[in-house]
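Trainee: Following this note's numbering, the residues of the sequence shown are numbered contiguously, the last one being 190.
FYI, nobody ran anything at the bench for these hints, they're computed from the structure.
C-beta: ideal position from N, C-alpha, C; glycine also.
Warning: the hint list may mix true and false statements.
[Stated by the list, open to error] Straight-line distance between alpha carbons at most 27 Å, and here's what the computed DSS-like set of lysine-lysine pairs gives:
#1 Lys120 with Lys42
#2 Lys137 with Lys2
#3 Lys164 with Lys183
#4 Lys137 with Lys164
#5 Lys183 with Lys137
#6 Lys120 with Lys137
#7 Lys57 with Lys120
#8 Lys2 with Lys183
#9 Lys178 with Lys9
#10 Lys2 with Lys42
#11 Lys57 with Lys12
#12 Lys12 with Lys2
#13 Lys143 with Lys42
#14 Lys38 with Lys2
#15 Lys38 with Lys178
#16 Lys12 with Lys178
#17 Lys178 with Lys164
#18 Lys137 with Lys12
[Stated by the list, open to error] For each label pair, taking beta carbons as the anchor points, the in silico distance ranges come out as:
#19 Lys2 with Pro114: 23 to 29 Å
#20 Lys183 with Asp31: 21 to 27 Å
#21 Lys120 with Glu94: 21 to 27 Å
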Amino acid sequence: MKNEWATVKDSKLYVGSHGYEVVSANGQEVDRSLMWVKTIDKSGSVQHLDWTENFVKVRAAMNIHFPGYMTHEAVVWSDVYCRWFFLPRKASAEPYDQLTDDRKGTNVLLSASPDFDDIKVVCIGELIPNHGYSSFKFIPGTKHTVITAISTQEEGTITATFIKAFTVDGEILFPETKISDLKYEGFEFI
1 MKNEWATVKD SKLYVGSHGY EVVSANGQEV DRSLMWVKTI DKSGSVQHLD
51 WTENFVKVRA AMNIHFPGYM THEAVVWSDV YCRWFFLPRK ASAEPYDQLT
101 DDRKGTNVLL SASPDFDDIK VVCIGELIPN HGYSSFKFIP GTKHTVITAI
151 STQEEGTITA TFIKAFTVDG EILFPETKIS DLKYEGFEFI
């Protein structure tokens, strides 16, 4: 499992991967290891959770079904809303294609109830297909109403990182602005 995101819920650290099925060259599912999540408690005890059903429900909220896919690098639990928030890096109703994958960025914020039975989808500004979210945080002092997010571009040898701020309802407060020609994987408010 490649760790892509981490968040705290109920005093446990949740660490997750991309959240999609690995497929063979002919499109057959071969592995679901990227759909598992680990929890780590304060004593260091690790549990392994099969989140396949949760990830399937999240992408289904956007009418995406296998062999379509959605990849995640930005997942945060909100103890204010008691919901999981997702800014997918990529999403496609079509099967994975290495030639087009760099242009499958998203402009949606999804939030899910703890049981993933209620999932809301909010549009975040205009879609920029070659930008995918790599991290986001709720801005301190906003009661989880405002998000700062970074998205990245990776096309061939070109990389860049962009930042934006918006409300959980999708109102853009700070438009997407380039901050580096490097790819940033994450950030933190300290």
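Trainee: If you test the structure against every hint from before, which numbers come out violated?
Mentor: When the structure is compared with the hints, numbers 1, 9, 15, 16 turn out to be violated.
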